[in-house]
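Visitor: Here is how the chains run, residue by residue.
Number of protein chains: 2
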Amino acid sequence: MGLPQIKLSRIDLEWVHVLSEGWASPITGFMRESEFLQTLHFNSLRLGDGSVVNMSLPIVLDIDDSQKNRISGSTAVALIDSADNPVAILNNIEIYKHNKEERIARTWGTTAPGLPYVEEAIASAGDWLIGGDLEVIEPIKYHDGLDHYRLSPSALRAEFEKRNADAVFAFQLRNPVHNGHALLMTDTRRRLLEMGYKNPVLLLHPLGGFTKADDVPLSWRMKQHQKVLEDGVLDPENTVVSIFPSPMHYAGPTEVQWHAKARINAGANFYIVGRDPAGMSHPVEKRDLYDADHGKKVLSMAPGLERLNILPFKVAAYDKTQQKMEFFDPSRPQDFLFISGTKMRTLAKNRENPPDGFMCPGGWEVLVEYYDSLAANDSGRVPEPIPA
Amino acid sequence: MGLPQIKLSRIDLEWVHVLSEGWASPITGFMRESEFLQTLHFNSLRLGDGSVVNMSLPIVLDIDDSQKNRISGSTAVALIDSADNPVAILNNIEIYKHNKEERIARTWGTTAPGLPYVEEAIASAGDWLIGGDLEVIEPIKYHDGLDHYRLSPSALRAEFEKRNADAVFAFQLRNPVHNGHALLMTDTRRRLLEMGYKNPVLLLHPLGGFTKADDVPLSWRMKQHQKVLEDGVLDPENTVVSIFPSPMHYAGPTEVQWHAKARINAGANFYIVGRDPAGMSHPVEKRDLYDADHGKKVLSMAPGLERLNILPFKVAAYDKTQQKMEFFDPSRPQDFLFISGTKMRTLAKNRENPPDGFMCPGGWEVLVEYYDSLAANDSGRVPEPIPA
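Residue numbers (the working numbering), protein chains in the order written: chain A, 1 to 388; chain B, 1 to 388.
It should be emphasised that the hints constitute simulated quantities derived from the structure, not laboratory data.
Treat the hints with caution; some may be incorrect.
To be verified - In silico DMTMM-like cross-links for lysine to aspartate or glutamate, where the CA-CA straight-line distance does not exceed 20 Å:
#  : chain 1 : residue 1 : chain 2 : residue 2
1  : A       : K297      : B       : D49
2  : A       : K7        : A       : D84
3  : B       : K100      : A       : D276
4  : A       : K97       : B       : D81
5  : B       : K343      : B       : D356
6  : B       : K297      : A       : E94
7  : B       : K97       : A       : E285
8  : A       : K100      : B       : E101
9  : A       : K7        : A       : E138
10 : B       : K97       : A       : D276
As the list claims (entries may be wrong) - Below, a sample of chain B positions facing chain A; criterion: calculated Cβ distance under 10 Å:
#  : residue
11 : V52
12 : V53
13 : S56
14 : P253
15 : T254
16 : H294
17 : S300
Glycine residues also receive a C-beta, built at the ideal position from the N, C-alpha and C atoms.
Using the sequences and the hints given, assemble the complete structure.
Guide: See below:
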């Protein structure tokens, strides 16, 4: 091809995957400036017919000065992977300034150093963004043994139809499933049946793109989720397990809108939202970056998501009297134990067991095995497979 | 009154003024959390009937821990001025967290130190915000000889009706009017007449609230604007000069939406938007804080402002061949001189004259007089009158 080439990073390729399958519909290519500005300022886009769709995260491709100079005069560029294979063509391109500080401030509500996505994908990015219409050469595959889990929105819709689902409730996660999560999902199904739905189907939808270094990698999470189904904690009859190909921003109330919007595009009509969705600790200060309730509140008011049914997460905790995960009962706080993600990881690292009933034994074994492999490997983290 | 009291700062009082007169309609009191979150994330509010109105700046009242403790249990508070006179009651109050970092990042797109409004009103503000329904005891007056210029939105609408205006075009400013501005305003009128309007009226609407220390104070600007009308640069027959009581955020594309929205509430249906509206230099880096075109672009796409007619500002500059301000002609750049605000202030400070035709002589004399008074006073800035 005679087109100027842009080499994609791993995260760029994840976005190509996301865009090519329609998760961000009606956006089908890297954003042009009008879409970028609407995303930053309004978390939504106004379409030609006056309707409004939600779009809270910028999906953009950066280039540096020298790349910009090489492209000059072209109306299209070829996007290539790390092995120089062509992946996609970006047509009718538009190049505009990449004000990184403003992008970060408006997306995360902070510019503090140490935001994982910023460090990975923005801090050393180029000073220009290039938008256009994306034309993918062939479907993105990762060849990591997990591609069969990567169903596109249309494949998921077909699956829900095949199962005769009359309600689809989506659960976004980037962590191992413990029995608190499972309680919530089974309770949601119970509520939907009570509401009169005959066949509610759960979309258990772990995020498959970039995650921060101390999150459990996708391959291990998928093993753990498989055990949870094998152990009967969730019912395979009314559960679809699939991978959501997006990278993670950890942008709290801004990102939870993206997580919900993308699942609507895949056929979900109910979205389970928990405490502090897509949140993390402040990278510098000793506090959570976001108010734990803001995600739920912002999601409930977000433009373009008016028709989504939001199911707020009740807080589950370990009930010492029943020796299982239960919804927290504020009348007897002394009976409950909150086991944080950090606590869970520390236990697994030290090969200690959590209290009985916290997670199914098969799932816990996977976690312990993961941390054992880490210690053996000593690199700090098992590397993620690279898409090819 | 037995109500807990909150003492208002000068900027708080300016917001009480803004809210009480309906500039921020349908918001009529300091924001509750749902309004605050929608403002930060969406620059707009969804009303009960599903319609959307623009609202890009948080209009909030902060309190600290001890004030919050004193209020505890009350459903209303009294707002008092610096002389302890009651100004308003805030009813059905809601107290919620004031995450200053997030507010600043999402409003300004930066958290760099040195943003004038942040330094003045946020940096040392309390960690809580208090929202509620505002009930003002009597109209806010400043007794500075300028109150007759402070027309409310309904007074302005009545004035436009009295003048049989069939189009109202608003011009927001916080600087002295030079002949480039005047050219733009007269040219806008010409365009509106060409479009078929019979009686377009200009709302010349200087901002009257908080401005940064190196801006020319309101009282001097009003003198200068008066001279511009007396000297015949603008025609009093089709010009209404009034003061917009809002404080200035210098928040660029976010703030320009507020500037336009408030003028719609006062009856304007055309809004003139210039290069880099509500912009300033980056407080730390050597560049403008905002892209000069973003204000216009964001305004044109802003939710709730779909029906506003935006008139983009052509760039005017001093044409040396004609010895007057003219629209810049890119075919002969060498003939034009750009005179920045900084350059203008430096000339006036040094009692030097700008090129003939840059500003009417009467207006220029006011500016020179202002900088003379500053030098005499030596306090760095003539203090603004305090509202009483």
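Visitor: Return the numbers of the hints above that this structure violates; sort them in rising order.
Guide: 4 and 12
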